[in-house]
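Novice: Sequence:
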Amino acid sequence: MSPSSSGRRVVVGVRGDETGPLDFAAGLAAGFGTGLRVVHACQVPYPYGYGPHTAADLPENLVAPGRRVVAAAQEHLDTSLAVTDVEYDLVVGFPPAVLGAESTGAKAVVVGTDDAGWLDRVTGEAVTNFLCLHSSSPIVVVPLEISSFAVDEIVVAVDGRGPERGPMQFAFEIADRLSLPVRVVHVMSHREAIKDIDSARLVLAETMAGWAETYPDVSVSTVLAEGRDPAEETTDLAGEGSLVVAGRPAGGPARRWRAPVTHALTRAGVRPVAVVPPRYTV
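Our numbering numbers the first residue of the sequence shown as 496 and each following residue consecutively.
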């Protein structure tokens with residue numbers, strides 16, 4: 496199936512002159528064998544923020560900065576050989592809503608790490624925070640310091656909730672396409688390890704069941720580790736060239752305030768992190 500006919504592009508949300516998410520998205524699209532869609536969400540003030548608008552409907556002074564962002568992204572990607580099937584769009588709207596809509600039917604949505612305070616994270620105003628909880632497709636959060644798609648290992652972070660097919664499917668799919676190894680990591684606190692080490696081993700075994708047979712060419716290993724901070728320990732276990740894959744965190748303000756592992760991983764801004772819905776399929 497050709498990239499243009501597949502309909503499931505990798506989408507990257509651009510907000511300024513950061514090139515790391517762009518380069519990572521281009522490499523991800525090339526790895527999946529699909530096209531790339533570059534989107535900038537142009538949020539405009541009242542009264543233009545009410546009712547449907549396109550960039551053509553608005554005064555040029557409101558959309559000119561957004562046009563420059565898209566033009567800079569195109570200029571940067573024109574020098575890249577990673578992917579040639581690219582489309583660009585300036586979309587008027589609230590960035591979390593725009594990219595949330597883009598996630599429907601996308602192969603994945605790539606964004607940079609949020610530059611937001613705790614209130615924006617709790618209330619859902621932060622783009623990455625919102626997408627991790629509500630997107631229809633995997634969200635790949637890329638630290639702005641990343642300068643290329645240089646992935647040499649897929650690390651899947653699992654917890655004690657039981658196996659989730661979506662994150663494992665995403666991890667094995669991209670590992671199979673790019674001939675990368677998969678390492679499945681479950682980090683427990685010392686207290687959890689004392690109480691539930693046997694059940695953790697069982698959950699890890701259940702999580703792994705069937706994947707080696709489905710993807711026989713993918714090298715697989717597992718790690719059951721103890722650490723004071725599961726997110727920090729997972730980051731330490733994942734090398735510099737790792738893409739960390741995690742399941743969607745539980746919703747609700749209380750869970751966001753407590754910063755479960757997936758949220759902590761995306762906030763850390765150390766490794767690229769893919770947050771995958773539980774029902775993700777190829």
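Hints were generated in silico from the structure; no laboratory data involved. Check before you lean on any hint, since a few could be wrong.
To be verified - Pairwise CB distance ranges (calculated):
1) 554 <-> 718: 35 to 45 Å
2) 503 <-> 563: 24 to 34 Å
3) 580 <-> 538: 24 to 34 Å
4) 538 <-> 705: 42 to 52 Å
5) 600 <-> 569: 19 to 29 Å
6) 672 <-> 563: 12 to 22 Å
7) 722 <-> 672: 30 to 40 Å
Computed from a prediction, not measured in an experiment: that's the story for all the values here. All C-beta atoms, glycine included, are put in the ideal place defined by N, C-alpha and C.
Novice: Could you see if the CB distance from residue 600 to residue 569 stays within 19 to 29 Å?
Specialist: holds, 23 Å
Novice: Within 24 to 34 Å: is that where the Cβ-Cβ distance between residue 580 and residue 538 falls?
Specialist: holds, 28 Å
Novice: Is the distance from the Cβ of residue 672 to the Cβ of residue 563 consistent with 12 to 22 Å?
Specialist: Given a distance of about 34 Å, which is not inside 12 to 22 Å, the answer is violated.
Novice: Could you see if the CB distance from residue 503 to residue 563 stays within 24 to 34 Å?
Specialist: Holds - the Cβ-Cβ distance for residue 503 and residue 563, about 29 Å, lies within 24 to 34 Å.
Novice: A range of 42 to 52 Å was offered for this pair. Does it hold for the Cβ distance of residue 538 and residue 705?
Specialist: holds, 44 Å
Novice: Given the range 35 to 45 Å, decide if the beta-carbon distance of residue 554 to residue 718 lies inside it.
Specialist: Violated, since residue 554 and residue 718 (Cβ atoms, about 55 Å apart) do not stay within the stated range.
Novice: Does the beta carbon distance between residue 722 and residue 672 stay inside 30 to 40 Å, or does it fall outside?
Specialist: holds, 31 Å
In summary, the numbered hints that this structure violates are 1, 6.
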